[in-house]
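Participant: Listed here are the chains, written in short residue letters.
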Amino acid sequence: MTTATRQRRLFLILIAVAAAMFGFGYVLPPLYAKVCQLTGFNRLQSSDAVSGTQQDSNRTVLMQFDSNLRDGLPWNFRAMQATAPVHPGELVQVSYEVSNTSDHAISGQAIASYAPAGAAAYVRKLECFCFSIQTIAAHEVRQMPVIFLIDSSLPSDVSTVTLSYTFFEVPGRQTTAKESGT
Amino acid sequence: MNEIQEIAVRPAVEPVEKPHGIMRWLTSTNHKDIGTLYLIFSFAMFLVGGSMALCIRAELFRPGLQFLRPELFNQLTTMHGLVMVFGAVMPAFVGFANWQLPMMIGASDMAFPRLNNFGFWLLPPAAILLISSFFVPGGATAAGWTLYAPLSVQMGPGMDMAIFAIHLLGISSIVGAINIATTILHRRAAGMTLMKTPMFVWTWLVTAFLLVAVMPVFASAVTMLLTDRHFGTHFFNAAGGGDPVLFQHIFWFFGHPEVYILILPAFGIISEVVPTFSRKPLFGYRSMVLATCAIGVLAFLVWGHHMFTVGFGVGPELFFMYATMLVAVPTGVKLFNWIGTMWQGSLTFEAPMLFAVGFILVFLVGGVTGVVLAVAAVDVQLQDTYYVVAHFHYTMVAGSLFSLFAATYYWLPKWTGRMYDETLARWHFGLSIVFFNMTFFVMFFLGLAGMPRRIPDYPLQFADFNMIASIGAAGFGFSQLLFLYVVVKCVRRGAPASSRVWEGAVGLEWALPSPAPWNSFEIPPVIK
Amino acid sequence: MTRKALHILAVTAPLFRCGLTRAQSVPNFQPPKTQIAHQIYDLHFFVQAICAGICVAMFAVLFYAIVRFRKSPRRTALQFTGYRPVEIAWVIVPVLILLIIAVPATHAVFAMKDTSNPDITVKITGYQWQWRYDYLQENIGFYSALSTPRAQIENREAKDENYLLEVDHPLVVPVGKKIRILVTANDVIHSWFVPAFGIKQDGIPGFIRDAWFRVDEPGVYRGQCAELCGKEHGFMPIVVNAVSEREYSAWLAEQRAAKQSAAQAGDAAGAKAYSIEDLMSGGEKVYTHTCIGCHQANGQGLPPAFPALANGKTATGPVAGTIHIVMNGSTKNPAMAAWKNQLSDLELASVITYVRNSFGNSVGDLVEPKDIATVRHQNP
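Residue numbers (the numbering used here), protein chains in the order written: chain Z, 35 to 216; chain P, 478 to 1005; chain W, 4 to 383.
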């Protein structure tokens, strides 16, 4: 092989590597989401298969419920209860209340966040308003349930778990309240 | 390195008529011309970035807002970083690579001479784009050189101009790196095995691979930023299922190898200068090569140490802490090897050696403060404070910049056939090292005391050290004009230099006459 | 050698000359006031001592070499290129040193991340450019903004002792209780940093992240935002008032009462009629606190980023436009925040009235709190 051929081959290989690394950058978002899912960090809404339902009455975890609105959303959003003591394995239902103070129907998506972040893997939600976009009619006040249980395999050093929702507006959705379900 | 037993330099081919004028510089495919272009460009950018730094330090001279509105201050800190990293330091190392690599390996030119020209000429338009972003509505981007989302998504059109400039700079770096890697791997003269090549060649080989691997990742990060800004994507926006922290992961996956890209060629330069002025071969050549490769690999594993306060769990926090601490080992090996080279040598302290020894002293401080920052719990106190600013200026200014000065004084006589003024050069060194330490050493104290980064005004307990730092900065900045004078004076009317130039100089480039012929090693030398 | 010594003296001399009275022990953190801060302080001292030792040793060897091995007619350079035992030693010894550092370093990370069993939980939200503290279990929340007067920042008045480190509503916590903080942000990334507590936690918009501290002794502790968040990044400090449990309970009671009366006042405000003088004087206060940084004391702003309010199109045009932009921010210019959640109806009405009738504007109308309330209900 002549030097020129060798050089051209290396050139093509390195260009291919550069292109692949550019693509790798774009692989990172789904990869990141996958890693978050596997480790339980930032687990976003998805109905979880329920396991670990052996109720552990000897252990109490304090659940805290937090709510946030992104600036601009003319809603009031609050948890109906600030805290709830919960046994791992016990099925729990809590409510959040949203009221749309404006004259127009508005759609929003709630994003859940947990503290400690790793607790996300152990909070199994059977039903949650965060699973779908919520369209709230003008002046409507709606109570939305969250039904969950804490997996009994929650590490023993975790005694307090905070569940926090942030509602973001989903622009341009004018579906009726009925369409969007709970 | 394994000693080159014998070099027979065959007589030079009659050179072609050297072109002149603007067309020469616009169309040159000659590695020496292109090296010169890179170096002149980089020094111009150094002065631009340096002026921004002086504006910043002028505002920080005293508490209160005196000269700059806060948003302009943030634009200046951002652009100072971008200009210095991408406009000054990286092109300077590429400039030295262009000048030196072919001569050091006995090649007539780089592997792809026309690509070489293209790679350089991307830079001036990129620089113009970047700097003129100050003058569009909203001014230049003010999100810090790290461009974290969502702040960078909020920025005005200056951010988009910076993104395009970054793409141009990135392409230039990538094609330059491909050129350098191919030259090193396929254009060595017969008999010049890799284990006989100088350390500057080795460090550039590893740097070139790092560049090809990570510059494209930076490109994809800023492209995602661009589409989040204008085309409705949500990579970094929780509302759409994204995450601002993802930007940090992608950025620092590039960003950490980037800082090794900025320092490995510097290590290579020091490994050339110290043996020459010790009149001894480099101590531990093989371990130097291994250490360089180890640093290249570890570079990819430590990015999380820039993110110790985002809320990692214990696992990642510990992993990044341990991996980062580990980098101290190969870096230490290099420092010990340089001292080992000087040990039992016969030392003289001309300007290149002064800067090389200054590098060792000051890089040591930068390096150990890196170990302090690696300890995650301690980093919680120091992250985003002036301690970090001090750390990276110690490694990048006292590190990279001093090595660039050493390299200039070392090779300028070979390139021009003229000696620089040794007395003035020593003054340049003395002023630089004193004012450098005055500026940045006190910043460690500011960081320990809790002063955050990127603020145009500060509480009163930080006032004294800020004043000292600003005075030091003024001194350091103006001392660089002396460097300009020394270089210009050398080029125009320096005393004639011999071909060996330095008594202890060993290597192919010293076998050439000074000035090195415009076309050198047209016929490859014989290496035994 | 002399040159080196002179250099070192030249570098270190200024450090001793300058007045170190205000800075405490120079190469060290602020006095630690929590267990974690103590741990970090000691760990840092340990690591710094090792690093300083390494530096001193290396400097000594280097200086020795510089002096001892100078070029001299009496000796020539030895040409060795390696010495295996030493090369192995200087890999092994650093690794051992790092292992020694790693042990306490690991303990500290575990301690920092242990947010279990807190006594109190406070949600901390970073805004551009202030903090909000919400005591989740107490249903109390308030904003905390820089209270240093602009005149001091612009060098028209002398700076007071806590320049840039004072706020209108500090965070109040009881001493000796484990405080768990949930840090988030409303817009861009901020970071809650109190050096005396050894705590720094980034607030990421859309997510909460927890951290904790337990204050050892009562006092006022100050910190600053530690993540670049825009133009006023340097102007959103943190003040924590650590008090006895009794004082904390009293403060809580006060806050609840204040919330009650504010709600009542809000209702009353809605019904009440206001004179333009009341609105103007209230509005001037709000303007000085909230708007002056961008729009300037004379209303001239700093165009194009910060438009002039004097003769401004929106400021002097239809009142609905002014109300809309103050309440909802600007879609074109994200620097103009939406103030409807951070200002009450009365504050909004006052500042809008003020702006429309100051800086040479004389639109002549006034906006009342009930007008704002109406808009809140209509706002899409």
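Treat the hints as calculated values from the structure; they're not laboratory data. Note that beta-carbon positions come from the ideal geometry of N, C-alpha and C, so glycine has one too. One should not assume that every hint holds.
To be verified - Computed footprint of chain W on chain Z, listed as stretches where at least three residues anywhere in the stretch have a Cβ under 8 angstroms from a Cβ of chain W: (1) 41-54; (2) 59-70; (3) 186-195.
Stated by the list, open to error - Not close to chain P: a few residues of chain Z, all C-beta gaps over 10 angstroms, as computed: (4) Thr73; (5) Arg104; (6) Gln127; (7) Ala172; (8) Val175; (9) Pro179; (10) Glu203.
Participant: Does each hint fit the structure? Answer for all of them.
Facilitator: Cross-check of the supplied hints:
1. 41-54: Three-residue rule not met by the region 41-54 of chain Z, so violated; n is 0.
2. 59-70: That given contact is violated, which follows from only 0 residues of the region 59-70 of chain Z lying within Cβ reach (below 8 angstroms) of chain W.
3. 186-195: holds (count 4)
4. Thr73: violated (7 angstroms)
5. Arg104: violated (7 angstroms)
6. Gln127: holds (26 angstroms)
7. Ala172: holds (22 angstroms)
8. Val175: Non-interface label stands for Val175 of chain Z: nearest chain P Cβ at 23 angstroms, farther than 10 angstroms.
9. Pro179: holds (23 angstroms)
10. Glu203: Violated, because the least Cβ-Cβ distance between Glu203 of chain Z and chain P comes to about 8 angstroms, which does not exceed 10 angstroms.
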